[in-house]
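Each protein sequence line maps, in turn, to chains D and F. FYI, our numbering numbers position 180 of the first sequence as 180, with every residue one higher than the one before it. FYI, our numbering numbers position 321 of the second sequence as 321, with every residue one higher than the one before it.
Hints were generated in silico from the structure; no laboratory data involved. Even glycine gets a Cβ: it sits at the ideal position worked out from N, Cα and C. Please note: incorrect hints may appear among the correct ones.
[Unchecked claim] Interface residues of chain F toward chain D, partial, derived using beta-carbon atoms under 8 Å:
no.	residue
1	Asp18
2	Lys53
3	Leu76
4	Asn78
5	Cys108
6	Ser109
7	Gly111
8	Glu329
Chain by chain, the residues run as shown.
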Amino acid sequence: MDWYIIVSIAALLVCLFSCLYHFTRLIRLGSPGDFSQRTGNINRAVRYSFTGAMSPGKKESAFMHLPTYTAGLVYHTGTFLAIILFFFILAGLEAGTVAAYVFSAFLLAGALSGTGILIKRMTVSKLRSLSCTDDYISNILVTAFQYISILNLTGLVPEAIYFITASLLLLYVPLGKLRHLVYFFAARYQLGFFYGWRNAWPPSKNY
Amino acid sequence: MKINGNTEKALAILDRRDGRLQTHLNSCVRCGLCAESCIFYLSSNDERYIPAKKVDIVSSIYRRYNTLAGRLVPGLVNARNLDKAVAEEMVDLLYGSCTMCGRCTSHCSIGVDISYLVSVGRSMLSEMGMVPASLQSTVDAAIKTGNNMGIPEEDLLDTLEWLEEDLQDEVDDREAAIPLNKSNVNILYTLNPREPKFFPLSISAMAKIFYAAGESWTLSTRMYDVTNYAYYSGNLDEAREIARRLRDEMHELKAKTCVLAECGHGSRSFRWEGPNYLQGSYPFETITSVELISRYLREGRIKLDPTLNKERTTLHDPCNLVRSGGIFEEQRYILKNAVSDFVEMNPYGYDNYCCGGGGGQLAMSEYGERRLKAGELKVKQIKDTGALTVVTPCHNCVDQLMQLNQVYKMNVKIKTLAEVVADALVLE
Chain D
1 MDWYIIVSIA ALLVCLFSCL YHFTRLIRLG SPGDFSQRTG NINRAVRYSF TGAMSPGKKE
61 SAFMHLPTYT AGLVYHTGTF LAIILFFFIL AGLEAGTVAA YVFSAFLLAG ALSGTGILIK
121 RMTVSKLRSL SCTDDYISNI LVTAFQYISI LNLTGLVPEA IYFITASLLL LYVPLGKLRH
181 LVYFFAARYQ LGFFYGWRNA WPPSKNY
Chain F
1 MKINGNTEKA LAILDRRDGR LQTHLNSCVR CGLCAESCIF YLSSNDERYI PAKKVDIVSS
61 IYRRYNTLAG RLVPGLVNAR NLDKAVAEEM VDLLYGSCTM CGRCTSHCSI GVDISYLVSV
121 GRSMLSEMGM VPASLQSTVD AAIKTGNNMG IPEEDLLDTL EWLEEDLQDE VDDREAAIPL
181 NKSNVNILYT LNPREPKFFP LSISAMAKIF YAAGESWTLS TRMYDVTNYA YYSGNLDEAR
241 EIARRLRDEM HELKAKTCVL AECGHGSRSF RWEGPNYLQG SYPFETITSV ELISRYLREG
301 RIKLDPTLNK ERTTLHDPCN LVRSGGIFEE QRYILKNAVS DFVEMNPYGY DNYCCGGGGG
361 QLAMSEYGER RLKAGELKVK QIKDTGALTV VTPCHNCVDQ LMQLNQVYKM NVKIKTLAEV
421 VADALVLE
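Let the hints inform the model, and build the full structure from the sequences given.
This is the structure:
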């Protein structure tokens, strides 16, 4: 086995164990407790939190920023695709020519979206004022991984470069904001629980 | 401003073994999409007021002391020491430019409970003795005197006595009463101390509704204050003490239901936060007066004639009642029965803009100018409806709207829900 594959497996293990640590810690801390008299339906609210509440029809941050919202969706789709492909490539499986081009198209859309989001972060004053080094590194690593994945699929980059990029990304996940890989789901659950307990989510049918 | 209290205790708050806290401290991706949900940002275009900045100042301290990267390479993840400069910035951002209205929370792209993190930050500042003096003095008055305005019991009794006489004249019944400290009643009704002090007519409006419904109710002269400004200051010990007094008064009077007066944060702090402060469920029902009036209407216990309120009327939804309390239908059901021309603002309900008076802002005179500026959006919303009357079931909102009315010359009447209902009551 080549050294860079061993490195990437080690990085993957570090990433997985770290995410697992954060996940199990949240599980150990338990469900939100509340002594007040519940008036709503938690299950419905949590479902709404992951669905309707995320839609542009309901979420102001989405419908007021549709290009960014769409870019975010495409970027995250590309990221998950790149991660799934990484597992396949690690297992020694190769995509056929047609599949490689289809995957590359999705990854390119994701990578371009990531680039757009990065440019926006660097050029829009209010976003720049919010940002720290972590924000730029996180974006650059994820976006670069998508570009390199395309180059790897099309055979335009040495395999070592691909695995090293993957390793850097995997090692960085536990350090910075990429941890939202775990915490995003916890946050939506917590928010659904909070609003559901008080019958604020899902909103009234007459709203 | 000096750090007078205990920084270690403040930092210990961030280390709490609490899934909700740990989740929200780790979730923000600083996308900045929350900016347009905040009245302080929208009214000033000042980047400092972006809600994500309020999250970041709390979570940056968390990262410094509680994460590997924050400990080893703080510059990488913007991890900050909790020092005087950071604490002063926290005071300005978390007290001075946030009403904890939760609008940013419900629209956050990730789902970060931003207003919760603001309250966590306020608790940290409270541990450090950095609660703005004006807000703390409101809490102190409640702790020392039993009500946040320090109204002496004899003044309250005087006011209630003449209100009772007025009620008897109005309903033409010498038996009509504002009962005080009665045991074994159905309802213990609370008041916002602004009512006896500045808006006594809202007390007589509610008394008239109770009279029309034939309700068994009482006021307590010992503990009637529905407000809990310690919820806003972040001092959980004081918040617990204030909630405990009202719970104990319910026990003392053996009332079946505690009805919370028209006060958004008061309702929230006693109904939703109180049991958690006290670590135990209430053995009695707790509802808001909005729900009670709606119940009376649905059960046919009161009858309203909407033609008695002919002016175009709009509704301002208090954030703590609607977005954080789930009460959306009831006030609309009441208004559709109580006024003949009801019109919604845009946006309304769960997405309504805060008036700018929440979060303890009305008590903090040092941020008064900013508060009135933040209210500009509400002024535009009201003007766009063409309404002549604005109804809001919250005395904090009433105060802010009255000030906005004066400053921005809206020429509208500001009323509580009970007042509008009392005006439309048909006594049989």
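How the hints compare with the structure:
The closest approach between the C-beta of F/Asp18 and any C-beta of chain D is roughly 7 Å, which is under the 8 Å cut-off, so the hint is satisfied. The closest approach between the C-beta of F/Lys53 and any C-beta of chain D is roughly 7 Å, which is under the 8 Å cut-off, so the hint is satisfied. Interface restraint check: F/Leu76 against chain D, minimum CB-CB distance 5 Å, threshold 8 Å, status holds. With 8 Å as the threshold, the beta carbon of F/Asn78 comes within range of chain D, its nearest partner Cβ sitting at about 4 Å, so the hint holds.
Hint status for F/Cys108: holds, given a least beta-carbon distance of 7 Å to chain D, under 8 Å. For F/Ser109, the interface hint holds, the least distance from its beta-carbon to any beta-carbon of chain D being 5 Å, beneath 8 Å. Because the beta carbon of F/Gly111 sits about 4 Å from the nearest beta carbon in chain D, less than 8 Å, this interface hint is met. Evaluation of the F/Glu329 hint against chain D yields a held restraint, the C-beta minimum of about 5 Å falling below 8 Å.
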